[in-house]
Structures are given as C-alpha cells and as structure tokens.
Amino acid sequence: MLKNYFKIAIAVLKRRKFFTFISLFGISFTLTILMVGVAFLDKVISPDYPDYKRERSLYVTTMEMSNSKQGWLNRSDVSFYFLDHYVSRLKNIEMMAISSNARSSNAYVNNKKIVIDYKHTNADYWKVLEYRFLEGKPYTQSQIDNAEYVAVISIKTKQAYFGDEPKVVGKYISADNINYRVIGVVDNVPKTLHGLAGDMYLPYTVAKDNYNKSELMGGFNAVLLAKTKADIPKLKEEFDQMMKKIPIPTNEFDTLYSHADTYFTSITRRIAGDGKDSGTSAVIGIVSLFVLLFLLLPTINLVNINITRILERSSEIGVRKAFGASSKTLVYQFIVENMILTFLGGLIGLFLSAFVIYFINDLQLIENVYLKINFSVLLYSFIACLFFGLLSGVYPAWRMSKLNVVKALKAQ
Amino acid sequence: MLKHLFKLIWNKRKQNFLFLSEILVSFLVIFAVFSFLTFYYQNYTKPLGFEYKRVWAVNYDNEGLTKNTDSLQIFYHNLKNSLKAMPQIEEVSLSSANFPYSNSNISTSLNKDGKRFDWVNSYTDAEDYAKVWNIKLIAGRWFNEDDKVTKNKSIIINETLQTAIFGKSSAVGQLLGDYGNKSRMKVIGVVRDIKANGDFWPAGNAMFNRSDTSDLRYTQNILLKVNEDANAAFESELYKFMTNTFKNSTIGIEHLTEMRDAKNEVTIIPMIIFIIIASFLIINVALGLFGVMWYNINQRKGEIGLRRAIGASGNSVSYQLVQEALILATLSLAVGCFFAVQFPLLNVFNVPSSVYLIAILLAVVFIYLLVFACALYPGKQAAAIHPAIALHEE
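Residue numbers (this note's numbering), protein chains in the order written: chain A, 1 to 412; chain B, 1001 to 1394.
The hints are simulated quantities; they were obtained by calculation from the structure and are not laboratory data.
Keep in mind that the hints are not guaranteed to be accurate.
Below are the DSSO-like pairs computed for lysine-lysine, each with C-alpha atoms no more than 27 Å apart in a straight line [to be verified]:
{"#": "1", "chain 1": "A", "residue 1": "LYS208", "chain 2": "B", "residue 2": "LYS1247"}
{"#": "2", "chain 1": "B", "residue 1": "LYS1053", "chain 2": "B", "residue 2": "LYS1080"}
{"#": "3", "chain 1": "B", "residue 1": "LYS1240", "chain 2": "A", "residue 2": "LYS156"}
{"#": "4", "chain 1": "A", "residue 1": "LYS14", "chain 2": "B", "residue 2": "LYS1301"}
{"#": "5", "chain 1": "A", "residue 1": "LYS69", "chain 2": "B", "residue 2": "LYS1115"}
{"#": "6", "chain 1": "A", "residue 1": "LYS69", "chain 2": "B", "residue 2": "LYS1182"}
{"#": "7", "chain 1": "A", "residue 1": "LYS213", "chain 2": "B", "residue 2": "LYS1247"}
{"#": "8", "chain 1": "B", "residue 1": "LYS1136", "chain 2": "B", "residue 2": "LYS1080"}
{"#": "9", "chain 1": "B", "residue 1": "LYS1014", "chain 2": "A", "residue 2": "LYS410"}
{"#": "10", "chain 1": "A", "residue 1": "LYS410", "chain 2": "B", "residue 2": "LYS1301"}
{"#": "11", "chain 1": "A", "residue 1": "LYS410", "chain 2": "B", "residue 2": "LYS1007"}
{"#": "12", "chain 1": "B", "residue 1": "LYS1136", "chain 2": "A", "residue 2": "LYS17"}
{"#": "13", "chain 1": "B", "residue 1": "LYS1014", "chain 2": "A", "residue 2": "LYS17"}
{"#": "14", "chain 1": "A", "residue 1": "LYS17", "chain 2": "B", "residue 2": "LYS1012"}
{"#": "15", "chain 1": "A", "residue 1": "LYS171", "chain 2": "A", "residue 2": "LYS127"}
{"#": "16", "chain 1": "B", "residue 1": "LYS1080", "chain 2": "A", "residue 2": "LYS402"}
{"#": "17", "chain 1": "A", "residue 1": "LYS112", "chain 2": "B", "residue 2": "LYS1240"}
{"#": "18", "chain 1": "B", "residue 1": "LYS1240", "chain 2": "A", "residue 2": "LYS208"}
{"#": "19", "chain 1": "B", "residue 1": "LYS1080", "chain 2": "A", "residue 2": "LYS407"}
{"#": "20", "chain 1": "B", "residue 1": "LYS1007", "chain 2": "A", "residue 2": "LYS328"}
{"#": "21", "chain 1": "B", "residue 1": "LYS1067", "chain 2": "A", "residue 2": "LYS171"}
{"#": "22", "chain 1": "A", "residue 1": "LYS113", "chain 2": "B", "residue 2": "LYS1240"}
{"#": "23", "chain 1": "B", "residue 1": "LYS1084", "chain 2": "A", "residue 2": "LYS113"}
{"#": "24", "chain 1": "A", "residue 1": "LYS113", "chain 2": "B", "residue 2": "LYS1080"}
{"#": "25", "chain 1": "A", "residue 1": "LYS113", "chain 2": "B", "residue 2": "LYS1053"}
{"#": "26", "chain 1": "A", "residue 1": "LYS402", "chain 2": "B", "residue 2": "LYS1301"}
{"#": "27", "chain 1": "A", "residue 1": "LYS14", "chain 2": "B", "residue 2": "LYS1380"}
{"#": "28", "chain 1": "B", "residue 1": "LYS1084", "chain 2": "A", "residue 2": "LYS407"}
{"#": "29", "chain 1": "A", "residue 1": "LYS208", "chain 2": "B", "residue 2": "LYS1067"}
{"#": "30", "chain 1": "A", "residue 1": "LYS208", "chain 2": "B", "residue 2": "LYS1080"}
{"#": "31", "chain 1": "B", "residue 1": "LYS1084", "chain 2": "B", "residue 2": "LYS1053"}
Kindly generate the complete structure, drawing on both the sequences and the hints.
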C-alpha cells in the first residue's frame, strides 16, 4: 500500500511542477534554517574539544550576593581563594580545573600589534581538559610551585607571533612586557567555550596581581570532575551543603549563591538565570516559542497550497470514497504523501545546509567554530521534518476527508 | 461593486481564511523588520556628537597604586604630564570604565522636584572629555578650576537629559538631586548628545562628572588623543612606558575605531541574519499567494467566461481579480494594524511612537505591493480567457 501511495505522490508532484517547486522551496529553506540552527546548538551543547568529559563535569562560574530587602545585587566570577579554600575540599571531586577569565594584553612584533587573551590555570587544568598538544607539553605542579615563567600558547598565537617557524618550544614570547618560555602549543579553542578559550595559558602563580586574596568574588572559574557520572548528583548536593556554611562577608547582603552546574545549565543560567533560578525552563521556552513562530508562516503557506492541490484532486477522492474508502484511509494516504514531500524537501534542505555550513566555516563568522553535520544533527533534522510534515499535512487531510462524494464527483 | 466582491469573498470564506492568516502573519513579520530598520535608521541619521578617530583607550589594574588620595592625585598629575610630553599625544584624559564604545555601563538616577529620572549614563573623571572627544557645548561652560571648591557638585548633562527634565527651558544653573535625593548637583553646562553605544543606538540620558579625590582610587582607564604620527612602533613604546608605570598590572591598549566597529557589528550582524530569514519567508509567501491565486483563476474559468460573454472587457475582469486580492489584504491588514498599533499605544520597549507608526505605514505599503504583484499575472491571465472556450468547458 505504501508503495502505491509513493507512486501516487510522485505522480502528483510531477503534475503541477510550479506548485511542487513552491512547496519544495518552502520546505527545504525552512528546514535548512532549522538544521543550521541545530548544528550550532549541537556545537554549543555536546562535548567538544577540549572539553570531552562533560558528562561527569560540573561548572562553577559565578558568585552572587544579594540583599533581598533592598534589591541590591552583586554578581561576579568566583575567586581563587573560594575554589582553593572551600571547593577543593569536597569529597566527591576527582580533580578540579581552575582558570582565570581570559584577559587581553598586547604584544608587538615587527611593528605589528597582536592581541593575546591569556588565562592563568592550575596544573590539573591540563588533566581535566584534553587539549591537543601539537608541540611540547603542559606545565607541571612543580613548575607552578616555583612560579616559572612558562607558557602554553595556541596555534593561532604561534602563527601570529613566530610566523612560519616550525618548532617554537623553548623560544621566548614577550607579552605584557614579560618574557615567557613557550613549553607547549595547543590547537585553537572555539570562542563559544566561554570559560576555556584563550590564546596563552600561564601558571596562576605568575599572575601580576595577588590571586589568593581571601574574598569570595574574583576572576576565576572552575570545572569540577567527578569520579563517575553517578557521582554528579552527590557532588552537587555536597556543593550546595558547603555553600550554606560559608559566612556572608558583609552585612550589606543577606543571601549568597554559587552553583555547580552541568554544562547546559551553566549556559542557561548565564543567559536567563540568576542565583535562585537556573533559567533552563526560560531558555527552552523562549527557543521553542521562537521556533514555533518561525515555522508558522511556511506552515500556513504549505497548508494553503496543499488545500489547493487537494481540490484539484477532488474527482480522485470522490471515486475512492464512492468505492468505499474510509475517511481514515484517505487521511492516512494524504499524510503519507505530505511526508514524502517533506522528506524530499528535507533532503534538499540537507544539501543546502551542508552548503551554508561550509560557507559559515569557510568565512569563520565565529572565530574557531567549525560546525558540522553529524549523527545527532541528522536525527534532530529528521524529527524536524516529521514535525513539519505532520503540522502542514493534518488540516488539509482532514479537509479532504470531509469532501462530499456527490459534490466531488459532480465537479467533473 | 464592492458589495458584490465582498459577497464573492464571503462565499469562499473557508479558503480565504488561510489566505487571510498568511497575509496577517507576513504583515507582522514585516512590521517587526521595519520597526528595527526605522529605529536604527532614525538613530543612524542623528549626528555622532563626538570624534572617536585617533583616540586610544588604555586600561590597567589599579591595585598596586597607593591608596592615599593626595599622593594618588600627584601620581596622576605627573602621569598626565609625561604622557602629554610625548610628541604623538595631543590630549590625555582619565576616564571611568564606561567611556563611549566600551562594553561597560554605569548608570544612575537624578531627582528634580520629587520626580525621578532613571538610566542616566554617568561618566566620571570626565574633566578632560571635551578635549579628547571634541564634544560640543551648546549652553553653559565646561569644567574649570572653580569647580573644585563649589558647595554643590558641578555636573554637565546632555541634550536628551535636558529635554527630559527641563523641557524647552535651559538647564544651566539649575540644581538636581542625586539618586537618593540627598545631595544637590549644579548643572553648569549642556552638551550635544553623544551616541556612545554605536551608530544605531540613541544617546540616551547622560551626565558628566569631575573626578572627586575618592573617584581616583577606582580609575582604571586613560584615554589618549594621538596624532597621525602614532604608529605601531609608538604604540609599542607607549605600552612599555605604561607597564613600567603600573608595575603590578596588565595593560591593554585599544583603538576606538576598532571598538566602534565591534559595537556596530553587534547590531548589524543579527539584523542581517534577521533580514535574510525574513526575506526568504516573504519570497515563500509570495510564491504561495501567486500559486493559489493562479489556481483559483483556473477554477473560476466558467464565471470569468460568462462575464466576458456578456460584455465585460478583459481589463475589467483582471481589475476585478486584483481588487478582490486587495480587499482580502485590507481585511488582514486591518486586523494586523490593530495588533501593531498596540506597540506605540502601550509604549512597548520605550521606543518613540514615530518608529512604530512609520513601520506600520511601510509594512502596509509593502504588503499591498506584494499582493498586487502576486495578483497581477493571474489577473492578466484571466483577462486572456476566451469566453467561447471557457463556456464550452462548462
């Protein structure tokens, strides 16, 4: 039966080429935009270089103090002291990667200015996060303890600073008027990885300012690695218990928040949340509302065209009904036909989005971000096709099944 | 005639319902696009109000500096003099972090006769702003030595704030309360608006303060106006000089031209993506409308043939079809305008009503043109129908 439907669908598509073109144009372009959006979301959400252990990682980024009576609020990144003095004592942590926010400094080579975003990190940073070392190796705990002026630089910095030199380990890079010995070169990190992107990584002990002031707010963030995925809820619970015991430093404020969030929650909290609310539901709600609104216009358009095309086929429907086909069968047939059309559009959309993604990667619209179509993107696109096909097929099918036999036949 | 057309439309209400909703949604999308474009265009045409070219911003950490206010004042005095002594530097100004095109924002509220004015951008350390940015005074005067010892702190406000508080009368010499309405501040001058958030955003309310002795402890930025001789080699020298001056700090030097580009990009890039998506939606809709009308005309061959047979000219037939489409569009637009008009009425997003009204007007014209263009060809085709053939088919 399905084979028959397929044949009919193809025959109908061939009959009025202009309408087929309109339908396919609408479907494929709509799905292209959805697919590119999905590829981007996938890039942001799923584990990616160098952060492959997201499943058993929790992210500590912000500290928020507020005065609930006056409505004052003070929000900032957490301090090294907070991480070192409180968080590192939690039992369920296997390792903790600490790094400062990227701050930019300038270097001048051959009368050219290079802007270098540098981060100060601890030694475990290199174990929690799996940077690809193209040359050399990371600094060790003893190098940090000795406050050695060593640096791990990104390939981008290497090219900008040293030009075409093949090996740069052991050479010196002068940034901020200090000479650092390069001991490693790593692959670039996408800018979308808020807490990890940088051009140069340095031991935290060489920071110019006092990194270990006993304040809760500072310029650091951390990735907490649990031993197993199952330990994540325990670690979260332990972190929240710990937060309750930390005294609030001034009496200007009466509440203190900091959270160890999973990667997705850490993003939504940054976009739409605050100390109390993780912002997950707000972000998901807004994104789905936006997608629905975006789908509305192409859907109405497709419904409109589909109905027009059904009227054209009233005689076929009349005959089938006269020979005893139930409304259900007809609805089913029409939805299948519409699905075939949608998937055809989806296929074209896939090619188009591959093209658009190639374009985005090639132009480097977002620094160091390379989108790709992988299995999960395909899966989501398939779901999008299914959803779109149903959305635009149900109403016309229902209208078709309501067609009066006598009228339909008489129209001929 | 109109009544007749309405009857025709009413007879096909089920089919027309989809047509109507499609136009309605398109109108709302176009209205959104035009609202943005009008808003940006209106701001874009306003003068910038200051000069950003050849201005560099230096930022540093102030942690290692002395906390003693007197020695800090001497320190900055000497620093300014040694910077000014460099031949490439024309002007020097200290600045709070929220200088134009920076990503920082410091706002406060002002009080006048019990009324509060919120979201006032407050620039501190601004006594040399006029020279570095070349900001134009329109009334009163800029800061001078007398302002150090006044009873009420002297401030300078911009045109927008003057209009907001004082309407058409002059603000110079007037007193304003600070955010808690505790101490008074005296307006000594009014300057032209400066579009500090990029070319596409309004200047908003702004006030400029001299630095108090206590403000200097928080200062982390120095603005420099350089001349044409300032190249990368000079910048490298300046960088060394600054790192030696601020021993415990990281120095960043940024060019305001680049910061301006970055600021504008934040507005332009999402807008381009929005316009691309919207135009694809509109092409989609246009093709859909065109297809449906074309099909409908083929369906109505009998009716059109009959009209032609009893003497209607081809033109009047195509005129009728275009008119029908335009009436449908009018119905949708009436509903659409009802929603759109709520924006200026409820003052949504605090955008001037003129933006929304212009956007509504443009969107209405756009939709009419779109529907007209989509109906034109099918209408022409209808005019070409030969009565004999059409009636023969019946």
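Now for the hints, and whether the structure bears them out:
no.	hint	verdict
1	A:LYS208 - B:LYS1247	8 Å, holds
2	B:LYS1053 - B:LYS1080	20 Å, holds
3	B:LYS1240 - A:LYS156	24 Å, holds
4	A:LYS14 - B:LYS1301	23 Å, holds
5	A:LYS69 - B:LYS1115	23 Å, holds
6	A:LYS69 - B:LYS1182	21 Å, holds
7	A:LYS213 - B:LYS1247	19 Å, holds
8	B:LYS1136 - B:LYS1080	23 Å, holds
9	B:LYS1014 - A:LYS410	20 Å, holds
10	A:LYS410 - B:LYS1301	17 Å, holds
11	A:LYS410 - B:LYS1007	24 Å, holds
12	B:LYS1136 - A:LYS17	64 Å, violated
13	B:LYS1014 - A:LYS17	25 Å, holds
14	A:LYS17 - B:LYS1012	26 Å, holds
15	A:LYS171 - A:LYS127	24 Å, holds
16	B:LYS1080 - A:LYS402	84 Å, violated
17	A:LYS112 - B:LYS1240	15 Å, holds
18	B:LYS1240 - A:LYS208	16 Å, holds
19	B:LYS1080 - A:LYS407	91 Å, violated
20	B:LYS1007 - A:LYS328	34 Å, violated
21	B:LYS1067 - A:LYS171	39 Å, violated
22	A:LYS113 - B:LYS1240	13 Å, holds
23	B:LYS1084 - A:LYS113	23 Å, holds
24	A:LYS113 - B:LYS1080	24 Å, holds
25	A:LYS113 - B:LYS1053	18 Å, holds
26	A:LYS402 - B:LYS1301	25 Å, holds
27	A:LYS14 - B:LYS1380	26 Å, holds
28	B:LYS1084 - A:LYS407	92 Å, violated
29	A:LYS208 - B:LYS1067	18 Å, holds
30	A:LYS208 - B:LYS1080	24 Å, holds
31	B:LYS1084 - B:LYS1053	18 Å, holds
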